[in-house]
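Colleague: Given these sequences and hints, build the entire structure.
Protein chains: 2
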Amino acid sequence: MTGEMIAVDWGTTNRRAYLIDAEGKVLQTERDGMGLLAVPPGGFADQIAEIRAKMGDLPVLLAGMVGSAKGWVNVPYLSCPAGLADLGGALHWVEPGRTAIVPGLCDPAGDVMRGEEVQLLGAVAAGLVPGDALLCQPGTHCKWARMAGGRVESFATAMTGEIFALLKNHSLLADFLGGEVGDDEAFRAGVRDGLTGRLTTRLFRVRAAALLGQRSIEDSASYTSGLMIGHDVGGEGLREGDPVHILADPHLGRLYASAVHIAGGQPILIDSHAAFVAGIFRLWKASQI
Amino acid sequence: MTGEMIAVDWGTTNRRAYLIDAEGKVLQTERDGMGLLAVPPGGFADQIAEIRAKMGDLPVLLAGMVGSAKGWVNVPYLSCPAGLADLGGALHWVEPGRTAIVPGLCDPAGDVMRGEEVQLLGAVAAGLVPGDALLCQPGTHCKWARMAGGRVESFATAMTGEIFALLKNHSLLADFLGGEVGDDEAFRAGVRDGLTGRLTTRLFRVRAAALLGQRSIEDSASYTSGLMIGHDVGGEGLREGDPVHILADPHLGRLYASAVHIAGGQPILIDSHAAFVAGIFRLWKASQI
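First to last, the sequence lines map onto chains S and R. Each step along the first sequence adds one to the number in the UniProt record's numbering, with nothing skipped, and position 23 is 23. Each step along the second sequence adds one to the number in the UniProt record's numbering, with nothing skipped, and position 207 is 207.
No lab work stands behind these hints, which were simulated from the structure alone. Misleading hints may appear alongside valid ones.
Which copy is meant is left open, because identical chains are indistinguishable; a pair holds if it fits in one copy or across any two.
[Said to hold, decoys possible] 25 angstroms max Cα-Cα, derived DMTMM-like pairs, lysine to aspartate or glutamate: (1) Lys285 with Asp21; (2) Lys285 with Glu30; (3) Lys70 with Glu218; (4) Lys70 with Asp175; (5) Lys25 with Asp271.
Modeller: The following block contains the structure:
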C-alpha cells in the first residue's frame, strides 16, 4: 500500500500529520509539539520538507491556525453557510498541485474557526453525523456548530477551556483548583449550577464554599470544571432529547457528554480524528477533478 | 477638635485610616498601599502603633481582610441576616477596649465578605439608603446585597473585576484590551450584549470582531468591560425602575450606573467612604455602652 497524500492538522501548540492512501485510509500518523509557536520565522517550507522526508514526496493539505495571521499564510475566512465544495473551491495553493492550505470559516454574527471546519464537514461526509445536526468540539475554545443540509450553517465559540486555565493558573481560585477533574458528583453539581445564573458569582463561591467548609478543596477543581462546562452547554438552550454530536478526545468527551445529559440533551460521541481525515481526504479528491 | 477613635479599612492591597471625632466627623484620612500583602509576618501590632503615632493614642477599630486567615486574626464570619447590633456584639478585641476587628459576613448560600458589611450597614444607618434596598459595591469582587429592615438579608459576589484583569493580562484577548474604558458607545454595546447569553462566547467574539473588522481594537477594552459589567448586572434580574444603590469610586460608579440604566433599573450613586465611616463610628459608639 502506498500513500496518496499527506494531511496536516496544524494548530498553535500541536501538530498532527496523516499519511493517507488512495482509499482515504490512514497509513501513518505523526503527532508532535511543532505548533505554530515552535516554528521559527520563515520556517514553514522547511517543516513541510521534513514531513515529506518522513512520509513521502506527496501532495500536502494543511488545515488549522497555519492559515492564520500568526501562521504561514493568512488565508481569508469563508463565510457561513459553507460546505466542503465551498472549502475545496477556496484552497490556498502555496505551491500549485503540491501544497495547499484550507481556509477557515467565519460566522457573520462575529465568530471564526480554523481547522474545526474540516472535522465538522468530514463528520457529515463520512456519515458519522446527519446533515442537520448540532455538533460540539470541546477544548480551549469550544465550538458549537449547527449543520444544515450538510453545510456549516452557523457556529459559536466559547472560551471555556481558556478561562478554566486562567482561573487555575492566575486567579484567586488557583489555590483551590489543584485537584483532579472527572465526571464525579462534584463535577455534576457544578454542571447543574453552571447551566443558569451568573457565572462570575458561581466562580467566586468556589472559594467561599471551601472557606465555609461546604465543599472540600479536593472537589473544587471538578466542581469548577463542571461550572464552566455547564455554562457552556447551558448557552445552547437544549430541549429534552436534543441530540448533540461531540467531537473530542475521550476525557473531555466524557465530561461534555455528562453535561449534555444533565441539560436534558442526548450526547453522541464521535471520533474527531476520523472526521478530520474524512473531511480533508474529500477536499483532496475534489481538488483532483 | 480632638479625635475620639481611629477606624481602619484594611484590605489585601490598600489601607485607609480615618481619625474620627466624638460627633463622627472625619478629622484626618491616611491612604496607603500597606495592605495585608505588604505587612511582614507578625507585623500587625507594629502597624497599629505607627497609626497611633500619626493620629493619636486612641482606640482603633479595624475592618476588612485584616480579619481573615491571611490577616492578623481569622475572625469567624457572622451569618446573614445581620445588622449593626449583631456586628457590634461580635467585635473581636485584640486588646480589650483598645483595638478590635469587625467580623465579616457569610451568606448560607455560600458567599463571604469582609469590610463591605460596614459600608452596607453604615449607608442605611446614616440614611443614605433605605432599610429595604438593593446595594451594589463594584470592584475586583463586586458585591450585591439585599437589605431588609436595615440588616443585610443576603448577598452575592461576582468576580467581575478579577476576570476582566485576567483577560487583560493573561488571555488570548490581552492584545485587544489595551484601550481606555469609559461609558462610551462601545461600553454600552457591551452591556447590552452582556446582559444575557453565554459570557464565554461574548468574550471570544471580542477578538473575532476585531479580526473581521467589525469593531476596532481601540474600542475592544471598553466593549469587554461592558460585557463583564452587563453580565454582572444581568444576574440581578432587575425589573423596570428598580432602584440600585451603588457604592463605588466615581469611575466605576459611572460605569455601573450606565449598565443599571440600560438594564431598566434606576441607579443611585452613594459615597462609599461616608458610608464606611458612618458604620464603623456607630459600631464604636455601641461598644462604649
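Colleague: Reference check for the pair Lys25 and Asp271, CA-CA at most 25 angstroms: within, between, both, or neither?
Modeller: within (15 angstroms within a copy, 70 angstroms between copies)
Colleague: When no copy is named, should Lys70 and Glu218 be tagged within, between, both, or neither for a Cα gap of at most 25 angstroms?
Modeller: between (38 angstroms within a copy, 21 angstroms between copies)
Colleague: Given a CA cutoff of 25 angstroms, do Lys285 and Glu30 count as a within-copy pair, a between-copy pair, both, or neither?
Modeller: within (22 angstroms within a copy, 74 angstroms between copies)
Colleague: Between the shortest in-copy and the shortest cross-copy C-alpha distance, which are at most 25 angstroms for Lys70 and Asp175: within, between, both, or neither?
Modeller: Intra 33 angstroms, inter 13 angstroms, cutoff 25 angstroms: inter-copy only.
Colleague: Give the relationship of Lys285 and Asp21 under a CA distance limit of 25 angstroms: within one copy only, between copies only, both, or neither.
Modeller: within (11 angstroms within a copy, 86 angstroms between copies)
The structure agrees with every numbered hint stated previously.
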